[in-house]
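Visitor: One-letter residues, chain by chain:
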Amino acid sequence: MLRRLLTGCLLIASLAAQADLDITVVGGSKRAQPIAVVPFQQAPGGAVDVAQIVAADLDRSGQFLSLARADMKGFDPLPVTEPQVDYRTWRALGQEALVIGQVQILPGGGAKTTAELYDVFRTQKIMTIEATATRATEWRSMAHKVADQIYEKLTGTKGIFDTRIAYVTSIQTGGRRQFKLIWADADGENPREIARSFEPLLSPSWSPDGRRIAYVTFEDGRSKIIIQTPATGEYVTFLGEKGINSAPSWTPDGTKLVVTLSFQKNADIYVIDLATKSRRRLTDSFAIDTSPTVSADGRTVAFLSDRSGTAQIYTMSIDGGEAKRLTCEGRRNEQPRFSPDGKTLALVNYNGSGYRIGLVDIATGVMRLVSDGPLDEGPSFAPNGAVVIYTRQGSSGAELATVSTDGSIRQRLRHTGDVREPAWAPYTKP
Amino acid sequence: MLNNKWFVCATLAVAAIATGCSSTGDKNANAPADAVSPTSTSQGGVATSAGGKSTGASTPASAQSIVYFDFDSSDLKAESKDVVAAWARYLTANPTSKAQLQGNTDERGTREYNLSLGERRSAAVSAALQSAGVSASQLELTSNGEEKPVAMGHDEASWSQNRRVEIVGQ
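Residue numbers (my numbering), protein chains in the order written: chain Z, 91 to 520; chain Y, -12 to 157.
Treat the hints as calculated values from the structure; they're not laboratory data. The beta carbon of each residue, even a glycine, is placed where N, CA and C say it ideally should be.
Rough simulated footprint, nothing fancy, chain Z against chain Y, three-plus residues with beta-carbon under 8 angstroms:
#1 101 to 111
#2 125 to 131
In silico SDA-like links for lysine to any residue, alpha-carbon gap of 25 angstroms or less:
#3 Lys332/Z / Gln117/Y
#4 Lys64/Y / Gly442/Z
#5 Lys355/Z / Ser124/Y
#6 Lys248/Z / Asp431/Z
#7 Lys332/Z / Leu63/Y
#8 Lys355/Z / Pro82/Y
#9 Lys355/Z / Leu63/Y
#10 Lys68/Y / Trp146/Y
#11 Lys314/Z / Pro342/Z
#12 Lys332/Z / Ala123/Y
#13 Lys314/Z / Val155/Y
#14 Lys355/Z / Val155/Y
#15 Lys355/Z / Thr79/Y
#16 Lys248/Z / Asp275/Z
#17 Lys367/Z / Thr390/Z
#18 Lys332/Z / Gly156/Y
#19 Lys68/Y / Ala144/Y
#20 Lys314/Z / Gln125/Y
#21 Lys64/Y / Thr400/Z
#22 Lys85/Y / Asn356/Z
#23 Lys332/Z / Thr79/Y
#24 Lys64/Y / Gly399/Z
#25 Lys332/Z / Asp59/Y
#26 Lys314/Z / Lys85/Y
#27 Lys332/Z / Gly120/Y
#28 Lys355/Z / Tyr55/Y
#29 Lys355/Z / Ser118/Y
#30 Lys414/Z / Thr390/Z
#31 Lys314/Z / Gln157/Y
#32 Lys332/Z / Ser122/Y
#33 Lys248/Z / Ser385/Z
#34 Lys163/Z / Leu183/Z
#35 Lys314/Z / Pro136/Y
#36 Lys355/Z / Lys64/Y
#37 Lys64/Y / Arg397/Z
#38 Lys355/Z / Ser122/Y
Sequences are here, hints too, so could you generate the full structure?
Guide: Here is the structure:
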C-alpha cells in the first residue's frame, strides 16, 4: 500500500502549463519616473502589442509609471518618428521620458522592433533601440529586450525583463497534492512544465549557461538529484545515494555540482564532477552541513552548518580546508546564495520571532534584513544582482515575492496554488 | 493527508480498546507491542505462544509508531520510550523484519535544512532502537523534511504534530 503510493509519480513534461503568476508591485519608496510608451506602429496581425509589454515591464519594476493610453488621446497622429515628437505637450502631461517605435513583421512570423527613447526635459533623443524575433513565439522576448535597454539606459542597472524564473507549484487535486516545477518568463507569462510529481520537488538550480536545471525529487520517498534540459525535456538521475541527495548548486564554469549527501554518515557537502561523476568530500562534521553556494570566481563555497549548535553560515575554499564562520547575527542563518558578483550573500535569518531574508556584505560581514517575515525562505538573486526573489507565507498560502537589494521595491507573485522554491535563471537563454 | 489522519484516529481507537482489555490500571504498563494492529484484531483472544508474552507477530499499531520532537531538536523525549520499546520488541522478535524511519519537521526554517533535520531525527530513533538490540540492517532511515506535514496550520498546535519520526513496518 505504502509502496504503491510512493512509486512512480514523476512525469517529465514540456507541455504548456495552465498556470500563471499574478504579479503586483506592493510597495516602493522610490519615486516612479513618468514615462510615455507610445503604441508602436505595427501592422495588424502581430503576435503581441509590443509597446504594451514594454510599458507593463517598466511599470512592474516599480521604478517607472507609464502613461495610460487613454491619456494620449490628444495626439493625432501618435508620433512614430522623431520629427513628430512634440516635447512641450509630453512635458505638459508630466512625462520625463518618451518611447516611440515601429515593428516590422518579417517572413516566418518573426519581427524587428526599432524604438527611440527621448528625454522630454532636455528635448533630445537618448538612444535608438533594436530588437528582433525570429518567430512568433519570440515576440514577447523581443518586447522585453526593448524594455531592458530602456531600463538600463535610465537607471544604470541591467534590466531583467527578458529573463526566466523556475518555481514549484503545489496544488491539492482529488485528495492528493501535486507538485510541478515550472519555468516561466520573469513576468509570469509563457509558463512551461519541467517536471510533475505527487512527491515534493525541491531546490531548482540553473546551470550557469541557463540551459540545464538541477533539482530534487522524492520518487519512492527517497531524495534524488535530477539534471534536466528544459528546452528538450531530456533528463538524467544524477545522484541517488542512500540517504539525502539535496541542495544542488553549480560551479560558475558549469563543470561541477556542489551538493549535500548523507550516505557516509550525515549531511555533508560534496563537489561532484559532472562529466566523470568523481566526487570530493568538502565537509566532514557530525553537524548538518547543507545548502552550498559557490562564489562568482568559483573559489569559495558558503554553506549552512549547525556545528556551533545552531545553524550559521560558513565559508571555505572549494579545494577544502578550514571552514570560517561568516554570520554571527541572529539566532540562526540558513540557505546562503552568492550574488552574481560574489560580493553579497543572500540568506534566511531567524531572530527569534521570524524568518526573514538578509543580505550580508561579505567584505564587512554586515547584514541588512530586506523582508518582513515571518516565514520567508528560498532567496535567489536576479542575474543583475539588484533584485532577490524568495518565498513568503501569504494570506492564502505560499507565494513568491521580490525585493530590490536596497529594500525599496517589492513585488508579490501569486499563483492559484502554493508557489515556492524560486530560482532566477542567468541571462543566457535556456 | 486526510485519509492518513483518519487512519491514525481509527487505530488509536482500536489500540484503546485493546489496552482496555488487558488493563492493569497503569497506563505505562500496557506495552504497546501488545496493542493489536487493525488487521489482526480478530486474533485478540488467541493465546500467544509464550505465555501471554507478545510474539511481536504484528507490528505495533500506528498510534504507537510516532515519535515527537521539540523545535529544531532531535533529542528523544521521555514520552517516546514506550514507542521505541514496542518497536524494539517487535524488531528483535522478528529479526528478518524491517522498519523505515521517516523523519519529518515543521515548516519553520528552510526546506534544505529541514531535510537534514528530518534525517537527524530518524537517526536518533535508529540509535535508540539499536541500543535496545535492533540490528542496523533492519532499519532504513529516510527524511521528508518539512514536505509531509500532517497538520496544515501555521502555529505550534500544528507544528508540534509535524515534528515527528514515523516508524513504518516493511
